[in-house]
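**Student:** Sequence:
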Amino acid sequence: MSFPLLTATAALPAIGAIATAAVPAARRTAAKWLALLFSLATLALAITVLVRFDPDGDRYQLTESHSWIADFGVRYELGVDGIAVALIALTALLIPFIVLAGWHDADPLETGSKRWRPTQGFFALILAVEAMVIISFEATDVFLFYIFFEAMLIPMYFLIGGFGDRAHKDGDEKAATQRSYAAVKFLLYNLAGGLIMLAAVIGLYVVAGNFSLTEIAQARANGELEMATSTERWLFLGFFFAFAVKAPLWPLHTWLPNAMQESTAPVAVLITAVVDKVGTFAMLRFCLQLFPEASKWATPVIMVLAVISIIYGALLAVGQRDIKRLIAYASISHFGFIVMGIFAMTSQGQSGATLYMVNHGISTAVLMLIAGFLISRRGSRLIADFGGVQKVAPVLAGTFLIGGLATLSLPGLAPFVSEFLVLVGTFTRYPVIGIVATFGIVLAALYTLVLYQRTMTGPVKPEVAEMPDLRVREIAVVAPLVVLLVFLGVYPKPVTDIVNPAVKQTLSDVQKKDPQPEVEAAK
Numbered sequence: 004m005s006f007p008l009l010t011a012t013a014a015l016p017a018i019g020a021i022a023t024a025a026v027p028a029a030r031r032t033a034a035k036w037l038a039l040l041f042s043l044a045t046l047a048l049a050i051t052v053l054v055r056f057d058p059d060g061d062r063y064q065l066t067e068s069h070s071w072i073a074d075f076g077v078r079y080e081l082g083v084d085g086i087a088v089a090l091i092a093l094t095a096l097l098i099p100f101i102v103l104a105g106w107h108d109a110d111p112l113e114t115g116s117k118r119w120r121p122t123q124g125f126f127a128l129i130l131a132v133e134a135m136v137i138i139s140f141e142a143t144d145v146f147l148f149y150i151f152f153e154a155m156l157i158p159m160y161f162l163i164g165g166f167g168d169r170a171h172k173d174g175d176e177k178a179a180t181q182r183s184y185a186a187v188k189f190l191l192y193n194l195a196g197g198l199i200m201l202a203a204v205i206g207l208y209v210v211a212g213n214f215s216l217t218e219i220a221q222a223r224a225n226g227e228l229e230m231a232t233s234t235e236r237w238l239f240l241g242f243f244f245a246f247a248v249k250a251p252l253w254p255l256h257t258w259l260p261n262a263m264q265e266s267t268a269p270v271a272v273l274i275t276a277v278v279d280k281v282g283t284f285a286m287l288r289f290c291l292q293l294f295p296e297a298s299k300w301a302t303p304v305i306m307v308l309a310v311i312s313i314i315y316g317a318l319l320a321v322g323q324r325d326i327k328r329l330i331a332y333a334s335i336s337h338f339g340f341i342v343m344g345i346f347a348m349t350s351q352g353q354s355g356a357t358l359y360m361v362n363h364g365i366s367t368a369v370l371m372l373i374a375g376f377l378i379s380r381r382g383s384r385l386i387a388d389f390g391g392v393q394k395v396a397p398v399l400a401g402t403f404l405i406g407g408l409a410t411l412s413l414p415g416l417a418p419f420v421s422e423f424l425v426l427v428g429t430f431t432r433y434p435v436i437g438i439v440a441t442f443g444i445v446l447a448a449l450y451t452l453v454l455y456q457r458t459m460t461g462p463v464k465p466e467v468a469e470m471p472d473l474r475v476r477e478i479a480v481v482a483p484l485v486v487l488l489v490f491l492g493v494y495p496k497p498v499t500d501i502v503n504p505a506v507k508q509t510l511s512d513v514q515k516k517d518p519q520p521e522v523e524a525a526k
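In the working numbering, the protein residues as written are 4 to 526.
Incorrect hints may appear among the rest.
[Unchecked claim] Subject to a maximum C-alpha distance of 27 Å in a straight line, what follows is the list of computed DSSO-like cross-link-like pairs (lysine-lysine):
{"id": "1", "residue 1": "Lys394", "residue 2": "Lys464"}
{"id": "2", "residue 1": "Lys507", "residue 2": "Lys299"}
{"id": "3", "residue 1": "Lys516", "residue 2": "Lys496"}
{"id": "4", "residue 1": "Lys516", "residue 2": "Lys299"}
{"id": "5", "residue 1": "Lys507", "residue 2": "Lys496"}
Derived from the structure by calculation, the hints contain no laboratory data.
Start from the sequences, fold in the hints, and give me the full structure.
**Tutor:** Structure below.
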């Protein structure tokens, strides 16, 4: 029997969560180092998965399959395609930086504070989320996926509601109320989507007789499983609704700005760079594979929702006074691009969408983590409370600028390639949608450059005159991510080589081919 590599990759952070939580309360530093050690070990396993994966091999590789609840056809089935491998690598890469960035986020906010802040719990919850996200990317049994798709809400709820933004003072009752509101809103929105999906999961079992993604997709492709048109559409809507909430797609997005605003910066990165990717990934893996005809039926409406998300998120980002809310609305706009690329039903669009998931995770991590360092120094999230930071903290300002330029998809940085592919793939089928979506790029330049100008340039405000520059730990957090932004910006081939075969297979599932160019290239 071969080594269960996929199980180990998901189980290791789960074991780390238990071990970290068990560290005695007096040994905060030991808990932090233990969490970092387990996150690095998980990264090593994820790299092993990446190395062992053959892009030209079988669609699902490193597979594992064991009977679980035999009476209901539930199996413990795991397998990864190129899209899953890329997102597992992204998740495992970001968690060590999230742990390092949040090194002091669970410490008492004030010297001598008697308020109990469970440092061990903070880092244990981060590792628990990592475990659940990874197994969600690996699961090829629909019921198994659903369990962890929903279970990850619980640790995220406690991370949002239990550990607030360090811009607030310890014991601030108003801040505690805002955190509770954001956590409950996050939970209720996602639970509502999950309950609707549960009904669709049950309906799928009634129709197919099992939960195996590969068996159901194969039976549909061979004509052995027929679904009535209305049945397929209702099931698709049940799945898509849950994924659109998680993504988040307009108009189901309103939980995200509150959650990111009230979270610590590392937890905000965990939400938008890691957890939300499960929603867009699931659209590719489950919606398109299980319900190809319904996916094509719903595509026009979804494309409209996606372009609304792009413009709406960018417009609201322009008008924000809170740094974190600005980044949250920018992410809503970026997720619109991802969904648009998925449902453009072209190889360029879907490759770009997958690459966008990876690049958005890295660029948002850089921007949000630097914003977190900035906010913790000033004690405020308001843009108006800053000014002239680049004169007193040039390294902080420089990395903040790089993160902002990546967010607006500057050529030479990683998000540009993915955004370009998404737009090219969309133009070939939906030129009007593609044209409207390009205005999102213009707005991105506006909100990013205005944010930088108002916080980093101009006269030095007295409150930031003594602001320290980035410390060694903080540089260790952002420097590798900045290097990766530049590397993938000029050489995205390592990622595209992994995801392109999986994208072609997904297009085959929905029986779509790339449109032929109107003008043949010269030979």
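**Student:** Compare the structure with each hint and give your call.
**Tutor:** Comparing the hints with the structure gives:
Between Lys394 and Lys464 the CA atoms are separated by roughly 11 Å; this keeps the pair inside 27 Å, and the hint holds. Of the pairs offered as hints, the one joining Lys507 and Lys299 holds, with about 16 Å between alpha carbons and a cut-off of 27 Å not exceeded. The straight-line distance between the Cα atoms of Lys516 and Lys496 is roughly 22 Å, inside the 27 Å bound, and the hint therefore holds. Among the hinted pairs, Lys516 with Lys299 is consistent with the structure: their alpha-carbon atoms are about 13 Å apart, no more than 27 Å.
At most 27 Å may separate the alpha-carbon atoms for a hinted pair to count; Lys507 and Lys496 meet this at roughly 16 Å.
Every hint from the earlier list agrees with this structure, and none is contradicted.
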